[in-house]
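Construct the entire structure; sequences and hints are all you get.
If you read the protein sequences in the order shown, they are chains A and B. Just so we're aligned, residue 1 is where the first sequence starts under the working numbering, counting upward by one. Just so we're aligned, residue 1001 is where the second sequence starts under the working numbering, counting upward by one.
Possibly wrong hints are sitting among the right ones.
Stated by the list, open to error - Derived DEER-like restraints, expressed as beta-carbon distance ranges:
id	chain 1	residue 1	chain 2	residue 2	range
1	A	Trp329	B	Arg1098	26 to 34 Å
2	A	Ala593	B	Asn1044	39 to 47 Å
3	A	Glu252	B	Ser1077	27 to 35 Å
4	A	Glu86	B	Glu1177	17 to 25 Å
5	A	Pro332	B	Glu1177	39 to 47 Å
6	B	His1046	A	Leu587	41 to 49 Å
7	A	Glu252	B	Pro1045	13 to 21 Å
8	B	Leu1094	A	Ala486	49 to 57 Å
9	A	Lys4	B	Gly1042	43 to 51 Å
10	A	Glu175	B	Gly1012	33 to 41 Å
Quick caveat, the hints were computed from the structure, so don't treat them as lab data. In this text, all values refer to a predicted model and were calculated from it rather than measured experimentally. Note that the Cβ used here is the ideal one computed from N, Cα and C, for glycine as well.
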Amino acid sequence: MDKKLEKVLRRVQKPARYTGGEYNQIIKDKSEVDLRVAFCFPDTYEIGMSNLGMRILYGIINEMPGVWCERVFAPWIDMEEEMRQEGIPLWALESGDPVSDFDAVAFSLGYEMAYTNVLNMLDLASIPLKSADRPGLVPLVFAGGTSCCNPEPLADYIDLFAIGEGEDMGREVLELFRRAKKEGWSKKEFLRRAANIGGVYVPSLYDVKYNNDDTIAAIEPKDGAPEVVTKRIVEDFENSYFPTKSVVPSTEIVHDRVTLELFRGCIRGCRFCQAGFAYRPVRIRSVEKLVQQGIESLRNTGYQEISLSSLSSSDYPGLKELCDGLLDWCEPRNINLSLPSLRADNLSMDIMKRVQRVRKGGLTFAPEAGTQRLRDAINKNVTEEDLLESCRVAFEGGWNGVKLYFMLGLPTETDEDVLGIADLAHKVLQTWKSHAKSKSRGVKITVSTSCFVPKPHSPFQWEPRITMEEYRRRVKLLADNLRSKAINYNWHDPETSFIEAVLSRGDRRLGAVIELVWQSGGRMEAWSENFSLERWLAAFEACGLDPAFYANRARSREELMPWYRINMRVRPEHLWRERERAYSCVLTPDCAAHCTDCGASTLMKGGLCCG
Amino acid sequence: MDKLRLRFTKTGRGIYISHLDLMRTMQRAFFRAELPLKYSEGFNPHAQISIAMPLSVGTASLCELMDFRLDKDVELSDIPVRLDAVMPEGIEILEAYRAVRKFRELKWLRVRGDFESDNKKKEQLERFFAAGSIVVPKKTKRGVIDMDIKPAIRSISFSDDGLEAVVSVQEPTLNPELLVQALNHLAPALAPEFARFTRLEFYDENMEMFR
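Here it is, written out as C-alpha cells:
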C-alpha cells in the first residue's frame, strides 16, 4: 500500500471503506488485460456497495476476457481533504492504481444530487472535467443509470450516456472502444460510431437551440447521430446475469445483505413515479430461479439476511411460494428474510407472519396522499379500507409501529387533501386502540412527508413543483392537525428536492451551474449536512439562470423537453393521457389487469409484457 | 461440540477492519465455509463467538484468538483450511484447537513497533522509558484521564527502526499506540514520524505463552 495513503488511513473516519481487499473482489493479472474500466459510484462506499446495478455491471464487465473492471467511490469530505493535501489521486480499490491510468471511466448516475460528486471525482483523478477538454480517445468518460433518462445537465462532461439497462449495452460500448483503441481511432470517430449502438446518446453530437423565452427550440443531431435514442432493456430477464458472487464488504454498508431482484418494471402506473414508467415493460423472474439465486448468493457471501427488491415487491405473482422457498432454507440457518416496500392493498398476512418468525421488523406503508380523491388522481390504487385493514391485522399480530409515507405538492392537491393525511393517521391510531394485541408498549405511528418532484418521462413531467414556501405552509397545516402524542411527524426539507427538481428537468445550460457549485465547495450534497441552497442560488445567479424556470414552471404540451431525443418507450401521448386522467381523477387499471397500450411492449419480441 | 479456539493473523489491508466488522466478517466466513456456528437461544439468536482483546484499527496482529462453538462435528484440522479459503484479504487462519485456558488468564502481549524516523535515537529512547513513571493522558469513555503507563510495560527495547515491548493487555490495558503518544506528549523530539504496531504473542501472568 502507498505510504502516504497508509498514514492518511490512520486519520480518516471509517478507513475500511477505502482499502478494498474484500472477499469476492475481482483481481486480474494486468498482463492479460487490455482494457481497464474504473466503475465510479458518485457517493460513499457504503451507498455504492449497496447498489444492485453496480453489482450486476461489475460482474458482467469482469466476465469479458481481457477487461478488468474495478470499483471507485467518492471519498468522504475528510478523506478528500487529506487526498488534496497529500497529493493522493483518486484510486481504484482492487489494484490501488490511480483512475487516470484507466482506459474507461464509467459513472453510475442514480440521483441528481450526486452530480457535483461526478465532477469532484474527475478532478480528484486529474481528468479534465469537460468532454471537449479531453481530445484523446482515452480516457472515455461515460455514464448510465436512472438519472440519465434526462442526460442534458451533464452533457458537457460525459462523452457518452447509456440509456436504459446496461447489461448488453455496456459490453457493446466497451467492445467497440477496445477496437477503437486497437485500431487507433480518434475520439470523434469512436463517438460517431458508438452513437449507432442502440441506447447510446452522445451529447456532443446534438446541437441545442433555444427560443427567446429560454425554452428549447430544437435539439439537432449531427454526424449521423440518431434522431431518437431508444432505451435498451434486457429482454430475457429470466436468464439474464445475476451476481450471486458479489463482493462482501468487510465494513458495514447500507444494504448489508443479499438482494434479489424479483422483476423489472412495475404494473402499477402511479402517475408521479418515474421508475414506474421508465422501467417498463414488466419482466418477471420465476420463483424457481429466484430461490436458486438466493441460496447461491447466501452460500457465496455468507450474508445472514436476504431481501426482496423490486419497484413493488408485493405485486410479485409468486410471492408466497418465493417466501416459502427461501424460508425453508433460511430458517434453519438463522438467516433473516426482509420484505421492503409493501403495498397496503395486497399485503399477505401469511407471508408477514412467516417472515416475522425469523425477525420482526417495522411496517411501512406509502399511501402517498391523504384522500381517496388525490390517490385516484395519482393512480395510487390503495383505499383507506385496504390500509386500515392491513393495519388491523398487523396490530392484532403484535406489531406496534407503523410508518406512513406521503408526498405534499402533488398535482391537484388542496388543503383538504393535506388534512386528509392527519385524518388517516388518526384512523390508524384508532385502529390500534381497538385492535392492539397488547397496549402496554404503546404505539408509534410515524408520518413522513416529502415535497413532490416532477420527473421526466412520467405523466407529471409537465407539472410545476410547488414553491418551498407553499410546501412549508402545507407542512405547518398538517403539523397543526396531528395532535396525538402517538403520532410522530417527520418532514423532509424542501431545499434539496428543489434543486433535485431543477436538475431532473434541466437542460445542458445547467452544467455551468453544477460546475460552479462544485468549485465553490459543493460535494456529497445528497447528505443534508453538506447541502447548501445558498451556494446553488448564488451559482444560478452567476450563470444568469433562474431555478424557478426549471422547477416551478408549468410546461405546455407542445414544449420541447430537454430529453425529447430520449425515448423510454412509453409514448408521450400516453403520458399526456395519464396526466389528463389525473386531472379528472380517473383511475387507470394496472398492466396485469388491462394493457393500456403505453408503447413499452414494443420492446419485447412478440410485443407482450406481464408474461 | 466443545468450545474451540481459532488462531489467526490480521495484516495488510486487513488491519483496517474494526472489531465489530471483524465479528461480522468471521460469521460470514464460517457460513461460507459451511461451518455452522452455534447460536444462542432466545428471541434474538446470535452466533456464539468471542474475540480476545479487541484490536484497534490500524494495528496488525500475528496472534489473534477467537473462541467459537460449532453446531456439528468437524475434523479440527479441516477448519483452518476451509476458513482460509473464504477470508478477505489480510486475514489468515493459522489453526483451530480445543480451547482450554480462559481469556481472562491473558496478561501480557509482546508487540513490535516499526518506526519511520529520520535519526536514530535508540539510547535516548531507552533512557526515556527507563524513568520511574511515565504519565500520559489517555482517552476513556468518561473523558481524558492521566495514566502511568510504566507499570504496564514489562520490558521494552529499541533498535534503529523501532521497538519491541511486552505490555499489559488486561488490568490495565495498554494500547501500544500509547508508547508513541507518551513520546509525543513528553519528549516530542524522540517521537517517530509514523509507527506501525504488530501484536506478536500473548502470555499469561507468568509469561507462559497463551494460546
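Holds or violated: 39 to 47 Å for the Cβ distance of Pro332 of chain A and Glu1177 of chain B?
Given a distance of about 44 Å, which is inside 39 to 47 Å, the answer is holds.
Mind checking the hinted window 13 to 21 Å against the Cβ distance between Glu252 of chain A and Pro1045 of chain B?
At roughly 20 Å between Cβ atoms, Pro1045 of chain B and Glu252 of chain A fall inside 13 to 21 Å, so the hint holds.
Range hint 41 to 49 Å (beta carbons of His1046 of chain B and Leu587 of chain A) holds or violated:
Given about 47 Å between the Cβ atoms, the range holds.
Indicate whether the distance between the beta carbons of Glu175 of chain A and Gly1012 of chain B respects the range 33 to 41 Å.
Between Glu175 of chain A and Gly1012 of chain B, where Cβ atoms are some 35 Å apart, the hint holds.
Could one say that the CB atoms of Glu86 of chain A and Glu1177 of chain B fall in the range 17 to 25 Å?
At roughly 21 Å between Cβ atoms, Glu1177 of chain B and Glu86 of chain A fall inside 17 to 25 Å, so the hint holds.
Hint check for Ser1077 of chain B and Glu252 of chain A - Cβ pair distance inside 27 to 35 Å
For Glu252 of chain A and Ser1077 of chain B the Cβ distance comes to about 33 Å; the hint holds.
Does the Cβ distance between Lys4 of chain A and Gly1042 of chain B fall inside 43 to 51 Å?
holds, 48 Å
Has the hinted range 49 to 57 Å been met by the Cβ atoms of Leu1094 of chain B and Ala486 of chain A?
Given range 49 to 57 Å: holds, Cβ gap about 55 Å.
Is the hinted range of 26 to 34 Å satisfied by the C-beta distance from Trp329 of chain A to Arg1098 of chain B?
Because 31 Å falls inside the window, the suggested range holds.
In this structure, is the beta-carbon distance linking Ala593 of chain A and Asn1044 of chain B contained in 39 to 47 Å?
Holds, since Ala593 of chain A and Asn1044 of chain B (Cβ atoms, about 42 Å apart) stay within the stated range.
In summary, this structure violates none of the numbered hints.
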